[in-house]
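> Take a look at the letters that make up each chain.
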Amino acid sequence: MSTAAEETALNALCGALGDEWVTESSEADRVGARRPKWVVHADGTERASAALRIAAEHGMSVVPRGGGSKLDRGESPERVDLLLDLSAADEVVEHAAGDLVVRAEAGAPLREVQRTVAAAGQQLSVEDPHPAATLGGVIATRSAGPCRHLHGGVRDLIIGITVVCADGTVASSGGKVVKNVAGYDLGKLFTGSYGTLGVVTEAIFRLHPLAEERRWVAVTLPDPRAAAEAARLLRISRAMPTAVELDRPAGRAPITVCAELEGRSGVTRERAAELASSLGEELGQTCEVSGTAPEWWGRLPGEPGTGTGIRMASRPADLAELLEGAGRVEDETGVELQLRGAAGLGVLDGWVPDGSPDESVAALVEGVRARAAALDGYTTVSRAPENVKRLVDVWGPVPSGALALMRRTKDQFDPERRLAPGRFVGGL
Amino acid sequence: MESTEPAPPTREGASADLDGCVELLGKLLPEESLITDRQRVRTYECDGLASYRTVPAAVVLPENAEQVRSAVAACSEHGVPFVARGSGTGLSAGALPRSDGVLIVTSKMRRILELDIANERAVVEPGVVNLDVTKAAAPHGYYFAPDPSSQQVCSVGGNVAENSGGAHCLKYGFTTNHVLAAQVVTADGELVELGGAAHDAPGYDLLGSFIGSEGTLGVVTSITVRLLRSPESVRTLLAGFPSTDEAGAAVSAMIAAGVTPAAVEMMDALSITAAEQAVRCGYPEGAGAVLVVELDGPRPEVERTFTEVWQHCDEHGAFEIRTAADETERALIWKGRKSAFAAVGRISRDYIVQDGVIPRTALPEVLRRIAELSAESGVRVANVFHAGDGNLHPLVLFDGSEPGAAERAEEVSGAILELCVEQGGSITGEHGVGADKVRYMGRMFTAEDLDVMQCVRCAFDPAGLCNPGKVFPTPRLCGEAPGRRRGVHPLTEAGLAEQF
Ligand SMILES: Cc1cc2nc3c(=O)[nH]c(=O)nc-3n(C[C@H](O)[C@H](O)[C@H](O)COP(=O)(O)OP(=O)(O)OC[C@H]3O[C@@H](n4cnc5c(N)ncnc54)[C@H](O)[C@@H]3O)c2cc1C
Numbered sequence: 001m002s003t004a005a006e007e008t009a010l011n012a013l014c015g016a017l018g019d020e021w022v023t024e025s026s027e028a029d030r031v032g033a034r035r036p037k038w039v040v041h042a043d044g045t046e047r048a049s050a051a052l053r054i055a056a057e058h059g060m061s062v063v064p065r066g067g068g069s070k071l072d073r074g075e076s077p078e079r080v081d082l083l084l085d086l087s088a089a090d091e092v093v094e095h096a097a098g099d100l101v102v103r104a105e106a107g108a109p110l111r112e113v114q115r116t117v118a119a120a121g122q123q124l125s126v127e128d129p130h131p132a133a134t135l136g137g138v139i140a141t142r143s144a145g146p147c148r149h150l151h152g153g154v155r156d157l158i159i160g161i162t163v164v165c166a167d168g169t170v171a172s173s174g175g176k177v178v179k180n181v182a183g184y185d186l187g188k189l190f191t192g193s194y195g196t197l198g199v200v201t202e203a204i205f206r207l208h209p210l211a212e213e214r215r216w217v218a219v220t221l222p223d224p225r226a227a228a229e230a231a232r233l234l235r236i237s238r239a240m241p242t243a244v245e246l247d248r249p250a251g252r253a254p255i256t257v258c259a260e261l262e263g264r265s266g267v268t269r270e271r272a273a274e275l276a277s278s279l280g281e282e283l284g285q286t287c288e289v290s291g292t293a294p295e296w297w298g299r300l301p302g303e304p305g306t307g308t309g310i311r312m313a314s315r316p317a318d319l320a321e322l323l324e325g326a327g328r329v330e331d332e333t334g335v336e337l338q339l340r341g342a343a344g345l346g347v348l349d350g351w352v353p354d355g356s357p358d359e360s361v362a363a364l365v366e367g368v369r370a371r372a373a374a375l376d377g378y379t380t381v382s383r384a385p386e387n388v389k390r391l392v393d394v395w396g397p398v399p400s401g402a403l404a405l406m407r408r409t410k411d412q413f414d415p416e417r418r419l420a421p422g423r424f425v426g427g428l
Numbered sequence: 001m002e003s004t005e006p007a008p009p010t011r012e013g014a015s016a017d018l019d020g021c022v023e024l025l026g027k028l029l030p031e032e033s034l035i036t037d038r039q040r041v042r043t044y045e046c047d048g049l050a051s052y053r054t055v056p057a058a059v060v061l062p063e064n065a066e067q068v069r070s071a072v073a074a075c076s077e078h079g080v081p082f083v084a085r086g087s088g089t090g091l092s093a094g095a096l097p098r099s100d101g102v103l104i105v106t107s108k109m110r111r112i113l114e115l116d117i118a119n120e121r122a123v124v125e126p127g128v129v130n131l132d133v134t135k136a137a138a139p140h141g142y143y144f145a146p147d148p149s150s151q152q153v154c155s156v157g158g159n160v161a162e163n164s165g166g167a168h169c170l171k172y173g174f175t176t177n178h179v180l181a182a183q184v185v186t187a188d189g190e191l192v193e194l195g196g197a198a199h200d201a202p203g204y205d206l207l208g209s210f211i212g213s214e215g216t217l218g219v220v221t222s223i224t225v226r227l228l229r230s231p232e233s234v235r236t237l238l239a240g241f242p243s244t245d246e247a248g249a250a251v252s253a254m255i256a257a258g259v260t261p262a263a264v265e266m267m268d269a270l271s272i273t274a275a276e277q278a279v280r281c282g283y284p285e286g287a288g289a290v291l292v293v294e295l296d297g298p299r300p301e302v303e304r305t306f307t308e309v310w311q312h313c314d315e316h317g318a319f320e321i322r323t324a325a326d327e328t329e330r331a332l333i334w335k336g337r338k339s340a341f342a343a344v345g346r347i348s349r350d351y352i353v354q355d356g357v358i359p360r361t362a363l364p365e366v367l368r369r370i371a372e373l374s375a376e377s378g379v380r381v382a383n384v385f386h387a388g389d390g391n392l393h394p395l396v397l398f399d400g401s402e403p404g405a406a407e408r409a410e411e412v413s414g415a416i417l418e419l420c421v422e423q424g425g426s427i428t429g430e431h432g433v434g435a436d437k438v439r440y441m442g443r444m445f446t447a448e449d450l451d452v453m454q455c456v457r458c459a460f461d462p463a464g465l466c467n468p469g470k471v472f473p474t475p476r477l478c479g480e481a482p483g484r485r486r487g488v489h490p491l492t493e494a495g496l497a498e499q500f
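Protein sequences, first through last, are from chains A and B.
Note that the UniProt record's numbering gives residue 349 to position 349 of the first sequence, counting from 1, and the numbers run on in steps of one.
Note that the UniProt record's numbering gives residue 116 to position 116 of the second sequence, counting from 1, and the numbers run on in steps of one.
You may find that some hints are simply not true.
Claimed, not checked - Per the computed footprint, the stretches of chain B lying under chain A, defined by three or more beta-carbons under 8 Å from a beta-carbon of chain A, are:
hint : stretch
1    : 174 to 185
2    : 424 to 431
3    : 440 to 452
By construction, these hints were calculated from the structure, which means they are not laboratory data.
Each residue gets a CB set at the ideal place from its N, CA and C atoms; glycine is no exception.
Same shape as in the complex, but just chain B (with noise of 0.2 Å):
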């Protein structure tokens, strides 16, 4: 199935010149880091999230920054908009490519630059993948801290658009809090250096803006990331609850206790089913909810805080709790929580993975409207989610064979972002806006808002070639100042625009 709605057109559209463009790369580049064979580039046509899917009109596969620029260039002389693409498995349709557009993989960008050991960093190309920098970096004792659950295939240069976290985000921060510098190129085909070697130097924080903007401002070609100490002791830990009210009330008094674990993750009775039949975790029998806690550090810290969190979750009703001894059992321990996301596929034929962020506090509340959702639609919700800091993953499931079931399941998970927004809390923790969500930012952000944070584009892409459509439901032309436009927007007004 192609994407049957209209791309959202670049600001330049009409003087695009795609011919011009494809003949040029063909000059440009080696033979074969150039796909424009039909079948060859439908491999391409869609990410993570394979709801949305558009054959792009020509592939190129950089081997170096160099030629990712002047890919760049060659789009932005022609008008052409381009798109950048790690290993894709982003899951908001970030990398869903443009039919009048060229996807630029960094497929071929796999080299680890430098190990910098000495100064606790790495230098690496944007398609290393994520769990390629700690195994380079473990040997010397040190490790790379985002950690999606995709990360032995997701790219750092994926996760530096997306800003991703992991399940140790909770105490090590996403991927912005772990650059030190980036090189990219901007829309124009220009190579800028942005942060530095040493900290804090002066200027506009740009590499702060880049990351997490969606691969919006342009393609990152090299990231020099920090390496942690990896921790003297970790422990891990198991608790099965009655239900996830008790679960909630343990994860609070944790953090109200001063425990700041490195993950704590929950999974309800439905999740906890689904990853049982799948890969037999062999979690406490007729559980409610389970929580994983893990905890690193100095050891001596370590035991203390453990022992603390062990009693939290006995006061809070834990009816078995179970501590790992060995990095065996802790994998175990693991096992189910990381397989949950594709063990929903043993209980249900098809599901939606939905991405959502509330205040942790509003835990049992929001807990409580998805059920009553669910039970409202006949649409069942497993929620496995990252109980520290409120970011929720709802499964919503149904049969896409029956009619209808789609439309109810993709209504169900829209109104757990509604209710989301309402707690105050976000449309997405670490998936991204991409495509996906681009008709829910309205909901979160004001049109000053969003024109506002479209300064920033203009400043990198004022043709708005890069990646347009994603992340901004509305593309902002770049002469006006902010708040000044009123009424309809140009594009808009021209038919070529939907505003959301």
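Just chain A, same shape as in the assembly (with noise of 0.2 Å):
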């Protein structure tokens, strides 16, 4: 953008907004290695609607922000001249208790959304390891915790869904009411979208009853194999785990698999006796039962905001071909990961800390990929710092007909390329 045009854009934005929605950038608002022009500020849909229309008007690209704890996720967008700032859209609009429902703006912070429908005795069960996390971001990064094992991920909770076109145009889908089947389903579409198709302003979720008591059964192993045997055992349970995690901390040491347990008080302390009698027996070893969790439970491995973090994922069959790749790939690059994850779905986070020469690292990125495209699955980079994303391509191979069909898609949704134009896969 020429100078000039920069005045008339910055003009036209503050004219339809009003000046006090619209600032200048700073560093800490760095869309990975790009640092956009201005900041744009939104309380709700009506104002995120006419700020993306004028960006339309002017040819601007740009990328929304929730609590921004996850704008470094992806590959850095080719331009942002705008970040559209949801913050201030953090209204719990409604929360239905006797329909299990809940109905929020995008800026509205998960634990904000928790503490309000926790106080009729429900939960959201979605859960994100980064206390800022907003709606909006959740959805658009499909953040995920331990209980996405029983309850499903954020797709299969979102229930209706507001977003902002490119041109500004505002569309919903779905609705308040958990069963319907009228219209698509723009809520799973614009699930892990990272922003490209539109800007998400408010979603609604069905909610569960919170349990009246958890307990947890771990048991700690030093081979993979065995380790994803207990996985294996908790997964096809009876006793109907919450999560059924794994722990592998530094220095390949061994692995924690845990099993979450809730419903009625006593009861689950009973379910939780039985389960580890009978795991134990299968193995061979102690299994422990805890009223607290463990303390990396539901927390990303490594240090938030460092190093460089990747998720492998297969089917949850294969979770000890997985682990062994992964130690192999250890081996031939000499680099060394912090493994956690839902084990009972074949799905690991991985995290080597800074320090690693960058070629070592995307090398063990590279070697994980192809051990896991072997098993059918993937491998992408959550977070890396600029110098080893250069080396590596963050989301990994998406099989062809189905990246020309989400070409098409986000070709349907944002011709001219202007929402964080090549942040994700296949550089859409």
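Two chains, two separate frames, one set of hints: put the complex together.
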């Protein structure tokens, strides 16, 4: 953009939104390697729509931001003129406790939503390791925590969504009833779309009752095969665990496999004791029951905001191969991972501290990716220093047929490629 | 009776070459897989909603994904619209054929391709009957959770298209929550894999968009479904209440106490009478409403919450509560509920099965309004519904031989849908929009909503050949940006499409 064009665009933004809603950007506003020109704040759908309309008229590219906890996710966008900050759109609009439904604006922090619904003994069964995460960000990046195992992901819980399209058009799909098959489901489409299809401004979720009692059953095993077997036994157990997680600390330490049980008070503790004893018998190991979660529960491995984080996944029954494959790549590259994640689903997060040579970290990513791919799985880079990102494809390959359809979808929603261009898979 | 309404046009209607297409299909498919004989194609003129009928120009019965692909490619090459059909049990005329198009029927694709118990999943062809998945998995202690009442006949492909659910979807969700991957043929004749072997693969969730799209985004040729571990314990209870108000209050109390039943079904006095006449289910005499509540899961949890449910029913005025001691008694409790739709045939010559959704808490208000509508119009309405999630199935009774009765029933049925929308609900909870409810879509969604949804349609099917005329009242021209269209749609202007 020329200086004159920039000035015109800025004037148009201020004119449409009000001066106080438009600010210069700072270093803290970076989206990966790109620093936007301006930050536009929106306190709801209407102002977000006005901002996108002006952006369209002036050919400006836009990246939405909620709590800002995951702006470094994905590839750095090709360009960012506006950072559209939704943190002022933070209202929990409606909690219909009797209907087990909550409706909130995209900028509402997840923990605020949880606080509101917990007052009626309910929970939104979505977790995010970052305390600042907002609903919009949770949807756009498809956050998941341990209870994804039983309750499904964001896509399974979102029942309604309002989005603003690239040209400012506002559209909704779904609604505030859980059972509803009228029209296409945009909520699922926007889940995990990283702001490349439109800006989420409001969402409606189904809720679950909070458990009266929770117990954790854990066992620690040195061998990946044995750990995978423990995960399998927990996964197929009729005790219906809410989550089955594993943790392998730095230094290729023994692996802890842990399942969470939830339910009525008194009864859950009984079930946990039963599960621990039957699991212990099968494995020939002692299993611990605890009334508190392990300290690593629900957190990503490693130091937040540093190092390189990856996610690797396979079919659940290939967990042993996934773990062993990672071990072999560690041997080959001399880089060690901390591993943690959804053992019951076959989805693990790995982390490497800063300090290893960039090339070795990149080789680790490629190595793990090749091994996951051989299991029909995938590997993505969740976060990494720019130097590492330059050496690897953050998303990895997506099958060509599906990618072609994704590209056509992007072309329909954002024909001018102004929404986080290049941030997502295949350069979308 | 053939549908008198003109079929909505496809976007490239003018260039269609039906004869060329059928000729090509003849070359591509085995002889027995193509039917053009007028008498034989007539068999497929309607689905479960028989008030809509159209005889298709040709029917193909592919035996595998490759034959589906080549059939779709032939249609695409000749600009001919096509409609997929599974078992034809749909209740919204979603599988209503086109007189100028090809109907692709999956009844020869009934193989379970893989039973992968280690990964708790199965890969099935689209024509596989829903219940057959559970039958195959049961010996291993697993089942396929979506359980539409039609599960003995409906196909998994149809379930995917309609995002079907059943009584147990209150706890376990709908088809969309139980499909991990699908192979689909898009309108240009490409085979594409959506979803994948591992959970949460990166990329747009096109699988999530496809499921529930009612056959308008392509034809699904194989489906990877999740299998669930069969529960350790199942408990079922039947409670008779003086009226639906008390029964509704009991449900509210359960939900407020944090119980998530596997199913909660309610029937009102009229539907109980019908079921009693039809199957002698022996429900509590004089009940104004009955609840069927089922709990499942780990035994100790189920036992505890079952006691609670019993108390909630008792405290809210249930005058009789029965619990099933074994599988036979459980089947007996469910018998009345399961036969309810058909049973209404005993007390009324004709009836409309409506499918609307309201926020569960609006139940007493909505039932009162339905009763008022019924009293004002003299049209009887029997209520059967999934009380846990507010999915109503009012059965609107009429006698088709009586002049004007069908129209009056249609009016009451429509007014009930209006009521659902007014309460912030939906015009369909499980039967889909199809051709039948296209005219109500504008009540629930704005023109912009529908336009933006159709961006997905344009990505999958730019020529609009795939099940055109269903779901959306007005087709969108794929070149234009959402919301940009102002004034009259070009197709409307050209007299080709009616704007509902
Ligand atoms: C007595 C009765 C009870 C019912 N109960 C329930 C219930 O409890 N819950 C519920 O949800 N529904 C219920 N239904 C409705 C119906 O059974 C479901 O919608 C079912 O999923 C339809 O399956 P089908 O194979 O019969 O599909 P069809 O009727 O053949 O087709 C339905 C739709 O799916 C599309 N389709 C079919 N196959 C494919 C494919 N391979 N690829 C793409 N699109 C395809 C068609 O184009 C059409 O739009 C009931 C119906 C009856 C008659």
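> Would you mind marking each hint as holding or not holding in the structure?
Hint-by-hint comparison with the structure:
1. 174 to 185: Our answer is that it holds, as 3 residues pass the Cβ test (under 8 Å) against chain A, meeting three.
2. 424 to 431: Holds: 8 residues of the stretch 424 to 431 of chain B have a Cβ under 8 Å from chain A.
3. 440 to 452: holds (count 9)
Of the hints listed earlier, there is not a single one the structure fails to meet.
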